[in-house]
Amino acid sequence: MVSKLYPSKYKRQIYIRRIKNFWIDFSHNKIGFVGVVIVTFFILLAVVGPLTTPYKPMSQLYRPPKVAASYAAPSWITIFPQYSDYNPTINLTRSLNQTQLANQTGTITAELQNDKLIFSPTTRGENASILIYLGNITYNYSPPPEFDLTFRGIIRFNGTLEFKTKIILVNYTTNPKWEKYLTGPNKIEATLLTFSTKGLTTNVSTIKHNLPSVPAFPNIPEPAQTIFSEKGKYGVYVNITFYSIDQGNYAELTLQGVGIVIWGRVHGILGTNFHGCDVWTELVYGARISLLVGLLSAILATTLGVIYGVISGFLGGMIDEFLMRVVDVLLCLPVLPILLVLSRLYSPNVYFIVVLIAIFGWQGLSRVIRSRVLSLKELAFIESAKASGASESYIIWRHLIPNVIPIATAAMILAIPGAIITEASLSFLGFGDPNASTWGRMMFWSRELGGFSRGAWWEWFVPGISITLLCVGFVFIGHAIDEIVNPRLRIRR
Amino acid sequence: MAFDKLEFLEKKAGIKIEKDAHVIAINLRKYFPIKLGFVQSLLAKEPVYVKAVDKISFYIKRGEIFALVGESGSGKTTTGRLLIKLLEPTSGKIFFDGKNITKLSSFEMRKLRSKMQIIFQDPYESLNPRMSIYDILSEPLEILNLTSSTEETSERINRVLEDMNLVPPEQFLFRFPHELSGGQRQRVAVARAFIVNPEFIVADEPVSMLDASIRTEVVRLILEMVKKAHCTFLFITHDIALSRYLSSRLAVMYLGKIVEMGPTEEIIKNPAHPYTQALIDAVPVPDPDARRTEVVIKGEIASPIYPPPGCRFHPRCQYATEKCRQKEPELLAISKDRYVACFHQLK
Amino acid sequence: MKILEVKNLTTYFETLQGYVKAAEDVSFTLKSGHTLGLAGESGCGKTTTALTILRLLPPNGKIIKGKIIFEGNDLLKLSEEEFRKTIRWKKISMIFQGAMNALHPTMTVGEQIAEAIMLHEQIKKKEALERAAKLLDLVGVGGERINRYPHEFSGGMKQRAVIAMSLACNPKLVIADEPTTALDVIVQAQVMKVMKELQQKLNLSMIIISHDLSLIAETCSEVAIMYAGRIVELSTARRIFKEPLHPYTQKLIMAFPSILGEKKELSTIPGFPPDLIDPPPGCRFHPRCQYATEKCRKESPLLSQVEEAHYVACHLFGGK
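Residue numbers (the numbering used here), protein chains in the order written: chain A, 2 to 494; chain B, 572 to 918; chain C, 32 to 351.
Some hints here could point you the wrong way.
[Said to hold, decoys possible] Dumping the calculated DSSO-like pairs for lysine-lysine here, alpha-carbon to alpha-carbon at most 30 Å:
#, chain 1, residue 1, chain 2, residue 2
1, B, 632, B, 799
2, A, 387, B, 626
3, B, 674, A, 387
4, B, 798, C, 157
5, B, 799, B, 869
6, A, 378, B, 799
7, A, 232, A, 181
8, C, 122, C, 157
9, C, 98, B, 840
10, A, 378, B, 840
11, B, 587, A, 378
12, C, 165, B, 869
13, A, 387, B, 840
14, A, 378, B, 869
15, C, 282, C, 203
No lab work stands behind these hints, which were simulated from the structure alone.
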């Protein structure tokens with residue numbers, strides 16, 4: 002607190018001295034330094050992390066952005082020999098201009114460079130078919146867990162017609178497992194999509210179709226493992242058949258993407274969760290919320306505690322006694338059960354949780370501050386200010402609060418881990434904000450959706466250890482500051 | 572002060588008060604109630620008090636240095652605080668500059684605060700460790716609204732630092748109290764008292780916690796400042812040798828009462844009360860050859876909660892008689908402006 | 032008969048800002064049964080010297096060089112175990128600065144003294160309490176008070192209890208660090224009287240550390256004046272006070288108000304004591320000395336004999 006009557010150059014000098022004095026003490030504290038390193042790492046993670054990942058977290062999107070198989074392991078795991086042939090995500094989806102025409106029959110015009118297929122039948126009941134070659138997959142991995150067939154396009158049409166899309170997989174080497182289900186020499190085919198314009202009111206329709214492997218190949222048990230059971234080269238073809246139902250039909254199909262996505266068994270820095278979404282993204286966005294909740298609750302709780310403690314200590318007497326008894330009662334309340342109930346009663350929003358945690362976190366600090374104020378009140382410099390005619394509010398703001406701030410700061414930093422863990426506990430139990438992908442929530446999903454039992458350690462262990470490390474970091478910093486401001490803890494160096 | 576009022580007060584107090592008295596205390600009492608334990612409060616018949624100050628009367632002339640001498644427990648510290656109304660007296664009257672300030676509210680007192688200041692004993696506690704020296708010195712100016720611009724403030728601060736020999740001032744302005752030595756801190760505390768140009772300063776053992784060799788420098792600076800500012804100064808101390816150098820008049824207190832009062836040099840050369848004699852005897856002299864009288868008073872100062880009956884000093888006094896045990900001696904004049912409270916004054 | 036001889040004792044403290052040169056080349060002797068006064072301002076190295084003799088320095092205190100010869104043996108050559116078993120508190124004990132305020136508030140005074148005894152001798156608690164009672168009698172507090180708590184004692188009684196604690200194992204040498212600071216003047220006189228009587232009765236040798244020269248004048252036979260970590264003058268009490276040679280000593284003596292005789296002018300020493308991390312070159316007193324010459328600024332004067340039993344460290348008197 003700096004006097005109003007300061008020439009500005011003096012003000013700056015004083016601040017510089019204060020910071021210098023503090024820095025001399027702090028920089029020699031090894032534990033504090035370690036703490037700062039850890040916390041800086043996580044702050045960087047929260048701030049810069051989103052830039053390291055091209056994906057968005059699940060909470061921000063309507064549909065989870067799947068990037069690999071459910072519970073895919075981290076991709077660096079392939080360093081180890083027993084995982085070396087786990088497959089990454091292989092995506093062979095092409096728009097028409099990237100394909101080659103293999104065969105066509107009937108009145109179809111293929112304008113490949115414009116992604117367009119034009120069906121112009123002249124009579125009713127006319128068929129037309131086109132076979133398109135999408136490309137090759139060189140598959141040298143162990144069998145994948147799952148794959149999807151995708152189709153994305155826009156159809157403009159007149160009249161009533163139908164078209165059917167089939168995916169044809171061709172094996173260039175022999176695969177005995179295929180023999181049981183062959184639809185042709187070395188080939189397996191499945192109907193991806195059957196589309197009819199009967200009953201549609203407009204004459205433009207956007208089609209987005211994702212078909213997982215199991216419904217696509219219903220007669221093949223475990224299609225992903227069976228079809229790709231051998232390493233080798235595989236070809237992918239698409240067969241589109243048009244069928245005209247009445248006269249004067251016309252269809253223009255703009256094909257933006259069709260193909261096969263083999264979901265990876267490994268992906269990214271930290272693998273995927275149940276929905277196949279990148280865990281690293283979840284972790285990085287979760288860091289933001291954990292830090293935010295921790296900091297905000299701690300600041301709020303500390304402010305409440307300081308105000309309460311200063312008022313109680315300064316006023317003294319019966320008011321002090323009464324206020325402290327209120328604190329006693331509040332301290333006896335069981336925090337976690339109440340938090341659980343409250344968050345269920347009212348919609349659990351992250352900021353609401355911040356406030357709740359703060360409401361239960363200020364009591365301990367108010368005690369400490371009150372006793373400090375009681376001892377400060379008796380000191381001579383307060384009497385001296387009174388002798389100069391200082392009013393009570395002047396003494397509180399100019400003398401008591403500045404002398405209380407060091408302890409309050411140390412307490413605030415030490416309160417942050419508590420807040421982080423409380424929030425993580427709430428989320429882990431399922432009571433937190435369902436739209437916020439916090440670390441606790443990641444561990445919750447791991448428990449709920451089976452990741453824990455399936456050994457997907459990347460989803461529950463990494464957030465867990467992150468919570469621990471972040472809290473340890475803050476505790477170290479708080480401890481170092483506490484050593485500086487609490488003269489009884491000082492070790493002579 | 573009106574002459575007839577003065578006469579009335581003199582009669583009440585039993586001492587003669589000079590016309591240009593700046594600060595007057597009449598029959599001043601301060602009792603602190605004690606919180607008893609549960610059982611004791613049930614058994615006690617009447618409320619128990621610490622009788623810190625028990626009916627004292629004295630006055631301080633304008634511009635003079637007055638010393639209040641006594642051991643811890645004598646009530647001198649409490650008296651100092653009563654005079655500037657940091658404590659409210661239990662009974663009695665206090666006059667400042669002719670005005671009765673005993674019953675003034677804290678709001679009315681605020682207007683007088685710029686005229687009175689206090690210097691504390693502990694150089695470690697009297698400065699806020701979180702404030703720079705500049706802050707500490709500008710604080711009284713700020714609270715009392717005595718300066719109109721920052722230039723005026725820094726000019727006054729620089730001047731008072733120079734007066735206190737803390738030069739160059741720039742070296743001290745931005746330091747914090749823990750970066751200064753005890754002697755330097757105490758000089759800042761003295762500077763803080765003088766910066767508002769007060770008329771009356773109470774100094775509560777300002778040099779007791781400093782090294783013996785540093786005391787003289789601070790005392791010398793105080794003397795200079797008092798002379799320059801023409802202010803009235805109350806010097807509270809247990810060191811009677813130091814009061815000899817500072818004060819023109821002194822009063823000796825014991826267990827809440829004044830036992831001897833008068834011109835300093837006279838009292839030191841010819842003490843009339845046995846306690847004063849004992850205080851003088853106890854002062855060590857920096858001369859290995861000096862033959863001093865042996866300390867003959869026994870025991871320690873009694874508790875102000877249960878002071879001994881009769882003369883409060885009698886349990887320790889070598890001249891005590893039956894009369895001393897039963898009756899309490901009044902403060903009587905033995906010559907002009909010389910008072911003693913004893914039945915067997917030393918000659 | 033010399034009981035203690037300190038030669039060129041140098042102790043530094045390691046701090047973040049550098050080495051604090053707290054005691055530099057301290058040398059003095061103490062004869063058996065005599066009292067040496069170590070006088071000087073706060074921070075001049077008196078307490079450091081005492082702590083070095085008792086080897087109670089904090090972890091960042093380093094003894095750089097020197098010899099402490101007690102009854103013929105160099106104490107610095109003993110291991111910590113040996114020192115603790117044979118010397119500390121048994122032969123040399125100390126009354127620490129502010130010890131009266133450091134008494135354990137929840138142990139009776141008798142228990143605390145008994146604890147000191149039991150830590151050094153193998154005797155039972157009952158016997159130790161009896162000895163504690165005898166010690167309290169010796170210092171004038173009264174043996175019946177062994178079951179009282181420190182807060183029931185007055186300041187003077189607490190200080191005497193601490194003195195009793197230092198005598199627990201019948202030491203030969205007692206070091207008293209500021210034994211009367213924070214006491215009222217009459218109580219000071221009482222405590223010093225008790226100390227003098229004890230010294231005569233038990234034939235103790237004492238070192239009294241104080242910033243109050245008057246106190247030292249009354250109680251000590253020899254006096255060493257310290258300034259900024261060095262001894263600047265060492266002699267008998269009479270010579271120091273009657274014929275002070277070092278400029279600092281002279282100024283120091285004139286800084287004490289006298290209660291007897293005529294009112295003398297008080298002198299003051301201009302300036303402030305130096306920073307011991309970066310003390311001034313040459314003689315450490317030269318920035319405040321009116322007689323300082325070029326030599327004083329460059330060379331540090333050594334403590335050298337000027338006349339019998341009178342040593343001064345000043346270029347005005349040789350200094351070689």
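Hints and how they fare:
1. A distance of roughly 17 Å separates the Cα atoms of residue 632(B) and residue 799(B); the hinted pair therefore holds under the 30 Å criterion.
2. Restraint check: the Cα-Cα separation between residue 387(A) and residue 626(B) comes to about 26 Å, which is no more than 30 Å; the hinted pair holds.
3. Between residue 674(B) and residue 387(A), the direct Cα distance comes to roughly 18 Å. Compliance with the 30 Å bound is thereby established for this hinted pair.
4. Of the pairs offered as hints, the one joining residue 798(B) and residue 157(C) is violated, with about 64 Å between alpha carbons and a cut-off of 30 Å exceeded.
5. Among the hinted pairs, residue 799(B) with residue 869(B) is inconsistent with the structure: their alpha-carbon atoms are about 44 Å apart, more than 30 Å.
6. For the suggested pair residue 378(A) and residue 799(B), the alpha carbons sit about 34 Å apart, so the restraint of at most 30 Å is broken.
7. In summary, the hint linking residue 232(A) to residue 181(A) is supported, as the alpha carbons are separated by about 18 Å, within the 30 Å threshold.
8. Between residue 122(C) and residue 157(C), the direct Cα distance comes to roughly 23 Å. Compliance with the 30 Å bound is thereby established for this hinted pair.
9. Between residue 98(C) and residue 840(B), the direct Cα distance comes to roughly 50 Å. Violation of the 30 Å bound is thereby established for this hinted pair.
10. For the proposed pair residue 378(A) and residue 840(B), the alpha carbon gap of about 43 Å is over 30 Å, so the pair is violated.
11. The straight-line distance between the Cα atoms of residue 587(B) and residue 378(A) is roughly 40 Å, outside the 30 Å bound, and the hint therefore fails.
12. Between residue 165(C) and residue 869(B), the direct Cα distance comes to roughly 21 Å. Compliance with the 30 Å bound is thereby established for this hinted pair.
13. The straight-line distance between the Cα atoms of residue 387(A) and residue 840(B) is roughly 40 Å, outside the 30 Å bound, and the hint therefore fails.
14. Distance hint between residue 378(A) and residue 869(B) is unfulfilled; the C-alpha atoms sit about 38 Å from each other, more than 30 Å.
15. For the suggested pair residue 282(C) and residue 203(C), the alpha carbons sit about 34 Å apart, so the restraint of at most 30 Å is broken.
Hint violations for this structure: numbers 4, 5, 6, 9, 10, 11, 13, 14 and 15, all remaining hints satisfied.
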